[in-house]
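Novice: For reference, the chains in residue letters:
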Amino acid sequence: MSSAGPARHLTARRVAAVTVSLVLAGGAAACGPKDGADKAGSGAKPGAAGGAPQKGGTLSVLNSEPQSDFDPARLYTSGGGNVPSLVFRTLTTRNREDGPAGTKVVPDLATDTGKPNADATEWTYTLKDGLKYEDGSPITTADIKYGIERSFAAELSGGAPYLRDWLVGGESYEGPYKDGGKGLDSILVPDAKTIVFKLRKPEGEFPFVATQTQFAPVPRAKDTGVTYEEHPVSSGPYKVVKNDNDGEHLTLERNEHWDEKTDEERKAYPDRIDVRSGLDAAVINQRLTTSSGPDAAAVTTDTNLGPAELARIGDSADKNELAGRVGTGHFGYVNYLAFNPKVAPFDNPKVRQAISYAINRTSVVNAAGGSALAEPATTFLPEREAFGFTPYDHFPAGKTGDPAKAKQLLAEAGFPDGVTVTLTHSTAQNRQTSPEVATAVQQALAAAGITVKLEGLENNAFNEKRWDVKNTPGFFLSRWGADWPSGAPFLAPIFDGRQIVTNGSNYNHAQLNDPAVNAEIDEIAKLTDLAAAGKRWGALDKKIGEQALAVPLFHPVYKRLVGKDVKNVVISDWTGVLDVSQVSVK
Amino acid sequence: MTLFVLKRTGGALLVLLTLSVIVYALFYLAPGDPARLACGERCNPAQIAQVREQLGLNDSAPTQYLHFLQGLLAGRDHSGGAGLVLHCDAPCLGFSYQNDQQVTELILDRLPATLSLALGALVIWLVVGVGTGLLSALRRGGITERALTVLTLAGTGTPVFILGLLLLMTVCAHLQWLPFPTYVPLSEDPEQWAWNLLLPWVTLGFFESAKYARLTRSSTLETLAEDHIRTFRAYGVGERAVVTRHAVRGAVAPVIALSAVDFGTMIGGAVLTESLFGIPGLGKTLIDGVRVVDLPVVVGVVLTIGTAVVLAGAIADLLYAAADRRVTLA
Numbered sequence: 040m041s042s043a044g045p046a047r048h049l050t051a052r053r054v055a056a057v058t059v060s061l062v063l064a065g066g067a068a069a070c071g072p073k074d075g076a077d078k079a080g081s082g083a084k085p086g087a088a089g090g091a092p093q094k095g096g097t098l099s100v101l102n103s104e105p106q107s108d109f110d111p112a113r114l115y116t117s118g119g120g121n122v123p124s125l126v127f128r129t130l131t132t133r134n135r136e137d138g139p140a141g142t143k144v145v146p147d148l149a150t151d152t153g154k155p156n157a158d159a160t161e162w163t164y165t166l167k168d169g170l171k172y173e174d175g176s177p178i179t180t181a182d183i184k185y186g187i188e189r190s191f192a193a194e195l196s197g198g199a200p201y202l203r204d205w206l207v208g209g210e211s212y213e214g215p216y217k218d219g220g221k222g223l224d225s226i227l228v229p230d231a232k233t234i235v236f237k238l239r240k241p242e243g244e245f246p247f248v249a250t251q252t253q254f255a256p257v258p259r260a261k262d263t264g265v266t267y268e269e270h271p272v273s274s275g276p277y278k279v280v281k282n283d284n285d286g287e288h289l290t291l292e293r294n295e296h297w298d299e300k301t302d303e304e305r306k307a308y309p310d311r312i313d314v315r316s317g318l319d320a321a322v323i324n325q326r327l328t329t330s331s332g333p334d335a336a337a338v339t340t341d342t343n344l345g346p347a348e349l350a351r352i353g354d355s356a357d358k359n360e361l362a363g364r365v366g367t368g369h370f371g372y373v374n375y376l377a378f379n380p381k382v383a384p385f386d387n388p389k390v391r392q393a394i395s396y397a398i399n400r401t402s403v404v405n406a407a408g409g410s411a412l413a414e415p416a417t418t419f420l421p422e423r424e425a426f427g428f429t430p431y432d433h434f435p436a437g438k439t440g441d442p443a444k445a446k447q448l449l450a451e452a453g454f455p456d457g458v459t460v461t462l463t464h465s466t467a468q469n470r471q472t473s474p475e476v477a478t479a480v481q482q483a484l485a486a487a488g489i490t491v492k493l494e495g496l497e498n499n500a501f502n503e504k505r506w507d508v509k510n511t512p513g514f515f516l517s518r519w520g521a522d523w524p525s526g527a528p529f530l531a532p533i534f535d536g537r538q539i540v541t542n543g544s545n546y547n548h549a550q551l552n553d554p555a556v557n558a559e560i561d562e563i564a565k566l567t568d569l570a571a572a573g574k575r576w577g578a579l580d581k582k583i584g585e586q587a588l589a590v591p592l593f594h595p596v597y598k599r600l601v602g603k604d605v606k607n608v609v610i611s612d613w614t615g616v617l618d619v620s621q622v623s624v625k
Numbered sequence: 009m010t011l012f013v014l015k016r017t018g019g020a021l022l023v024l025l026t027l028s029v030i031v032y033a034l035f036y037l038a039p040g041d042p043a044r045l046a047c048g049e050r051c052n053p054a055q056i057a058q059v060r061e062q063l064g065l066n067d068s069a070p071t072q073y074l075h076f077l078q079g080l081l082a083g084r085d086h087s088g089g090a091g092l093v094l095h096c097d098a099p100c101l102g103f104s105y106q107n108d109q110q111v112t113e114l115i116l117d118r119l120p121a122t123l124s125l126a127l128g129a130l131v132i133w134l135v136v137g138v139g140t141g142l143l144s145a146l147r148r149g150g151i152t153e154r155a156l157t158v159l160t161l162a163g164t165g166t167p168v169f170i171l172g173l174l175l176l177m178t179v180c181a182h183l184q185w186l187p188f189p190t191y192v193p194l195s196e197d198p199e200q201w202a203w204n205l206l207l208p209w210v211t212l213g214f215f216e217s218a219k220y221a222r223l224t225r226s227s228t229l230e231t232l233a234e235d236h237i238r239t240f241r242a243y244g245v246g247e248r249a250v251v252t253r254h255a256v257r258g259a260v261a262p263v264i265a266l267s268a269v270d271f272g273t274m275i276g277g278a279v280l281t282e283s284l285f286g287i288p289g290l291g292k293t294l295i296d297g298v299r300v301v302d303l304p305v306v307v308g309v310v311l312t313i314g315t316a317v318v319l320a321g322a323i324a325d326l327l328y329a330a331a332d333r334r335v336t337l338a
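Chains as they are written, first to last, in my numbering: chain S, 40 to 625; chain A, 9 to 338.
Heads up, some of the hints might be wrong.
[Stated by the list, open to error] Per label pair, the in silico range of CB-to-CB distance:
#1 A:198 <-> S:509: 27 to 37 Å
#2 S:493 <-> A:11: 32 to 42 Å
#3 S:582 <-> A:54: 48 to 58 Å
#4 A:98 <-> S:509: 34 to 44 Å
#5 A:93 <-> S:221: 18 to 28 Å
#6 A:29 <-> S:158: 54 to 64 Å
#7 A:54 <-> S:263: 42 to 52 Å
These aren't lab readings, by the way, just hints derived from the structure by calculation.
Remember, it's a predicted structure, so these values are computed and weren't measured experimentally.
Just so you know, even glycine gets a beta-carbon here, dropped at the ideal spot from N, CA and C.
In isolation and in its complexed conformation, chain S is listed as follows (with noise of 0.2 Å):
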């Protein structure tokens, strides 16, 4: 999902969720919840209670952001997201399974998870028997083949970018639209069952990138190029009956022709998912609480609990009941500050040491909306072990900064009297990168003699500024956010020397290009085994801390709601959020 943040609010959905938060909350401080909604993050399931799950009934998803993309070509979510998913299947897919369970990569329309050649540059796939479509012909390899190739045409892009880069000849291909007839010369489909990937370097990690929307099967017969999205053929347990205004009311009936014995991971239980995209972020909150009607068997897949709807959970006569139905998840995110080394005074290393010693990061957490929305982090990679998780903290701050060490580095740095510089922040109210957060930041800063002047922009441009190597800021708020559980995502885009972007969106903020590092990434890359090479991600994240390119500031943590008759929530350590192919209403 790269860094694109889950939540883009208008400003009239933050004046109107701040208002409902200041009346919901009954005065409470936005300090975080009490003893309610912690407990539900630390162990309460919610939908555990009340019977075993059942087939039947109708799911209602509550959204704020319209499913506007129903192309697997287009979609750029982990793991297919959340509700294509269930109407997409690929060769891998997630484990559907909570917690760390649900990092694995496990089969789909394949027999297993890829079988790679002796240096990880070739992958082989067999698909299962009997797949079919909703309209009963059956899933062949030409048919993956096809809907990866039409992921090239410029005319349907937004989706992940791995197979450009990793395909041969990918990186030139304009897709079937223009390629006339001619195909991808690196994906062999030897038989109907049979598909093979020729890659341009060792990937281990491939089965991970054949989970996302593109190794979706597409027959090329029934391809209606742009228009595909508003009715696209079903591989998965539900089939799309209707699609209104581009993705804002979705609903998704069974379809007849998947075969459960075929899918391990979908349980699929109800018999019909409406999908109503539009509503404001407090609205659905507040219905999802209200839980009445066929809201008591709604859920959301991409609206989260605030700083003070939790605190009003916690203080609300029922809290016991609705802190058990707030489900807590954990997606691979990191919200750091980031230094363009280029730029003076950052360019020396031992600025960015006194700066990642003077901040507190319990009042950047706050600021993040309280310690039950976020963790604070010293490691870039999250605290996870599918991502390599290892413990470091090169500049120990504590948990409120250590003012007296990072003067005395400035004073070794040639700044005896204090700094001042810079930091670049956007406007949009996301509490990541936020005017929230960078205050949190200034006034940490301030008590090590480092004053800090906020320049705020407008979130498109804010992006554009932050990804433009030649415009990059000396300082500013950024973030990062898995496309799969696993340290490459992290760190190659980051601190990769190769991927450097001249003229397009570059991550590299930092313009780190270490031959070491660069050597490790492709070292790692060629590992298929992949708790091996998590160790090693590990080890690199640490080795590159040191150097004090990035301070991570925190992990975000998801708080999510669901409606009274739901029952069987999954939320695995990949995507965060509850998985709806595994909720019963009945």
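Put chain A on the given structure of chain S with help from the hints.
Specialist: Okay, now just chain A, sitting in the frame of chain S:
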């Protein structure tokens, strides 16, 4: 009358043309690369270049604007992939970068929701607002007037999103008299359409009613103080007849005219209510278009709103003339 129509049409076209030029100019000054946004965050430069080419963003701003005008007059074609050529008939407002849809179609999809919202609100503010204003003027100085003044002050001083949220929380969440509104098109289920729009109508209607109550009150008081009313009274015409036959007609003329203008403005101006109640209308579409730098959508919606406002202005003039015969059209 013919001269009035010709003058109005000419003026409207000029206003809309100017509006489109201004929106284009503002778009090019605004931050955000539409090709990058349409392509996705991690597109490589080659892909961004392809998308830019496909969207015609390599052309200069004046050329792009001329293509837009050409589409309006003669229609345009757009590549839809898979050998698909999407034709957009004149007047074509272009293709949305983000929605992969003709903007005209998109607007026609979203217009019924906005119209539904605005129509209901219009009825409420005409009935409640004008009624309250009349009552308040006729009971001047009494306790009824004072009570109504407090109510209208509260109405004008309460932002739509606060009122809407309060209604949602009381009526839907606590009392559970109504389910949380979800927009249902009129064509799908007229009954559900009305039930689901009830709260948005009340929210927007109450807010506007307050304004109309004040306007009607002052207009009625002004009319009641006019010479011809005094003359009617002097001739012994009954108070009821003076008020209903003569005073009200003159008093509501400006109210009706303003209503037409407000209704036109509401086509694009009910963003907060649309957002709060999840109504997929034009206001929300415009905000989303601005956020994702989708120029064809922004221009199309702005022109639609502009047309609605201009039309409403003309209708307001006609209604004013019909209600008050002292007014002539030229």
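Novice: With reference to the structure, classify each hint as holding or not holding.
Specialist: A quick look at each hint next to the structure:
1. A:198 <-> S:509: 27 to 37 Å: violated, 58 Å
2. S:493 <-> A:11: 32 to 42 Å: At roughly 58 Å between Cβ atoms, residue 11 of chain A and residue 493 of chain S fall outside 32 to 42 Å, so the hint is violated.
3. S:582 <-> A:54: 48 to 58 Å: Because 33 Å falls outside the window, the suggested range is violated.
4. A:98 <-> S:509: 34 to 44 Å: holds, 42 Å
5. A:93 <-> S:221: 18 to 28 Å: Since residue 93 of chain A and residue 221 of chain S have Cβ atoms about 22 Å apart, the given range 18 to 28 Å holds.
6. A:29 <-> S:158: 54 to 64 Å: holds, 59 Å
7. A:54 <-> S:263: 42 to 52 Å: Once the Cβ atoms are compared, 26 Å apart, the range 42 to 52 Å for residue 263 of chain S and residue 54 of chain A is violated.
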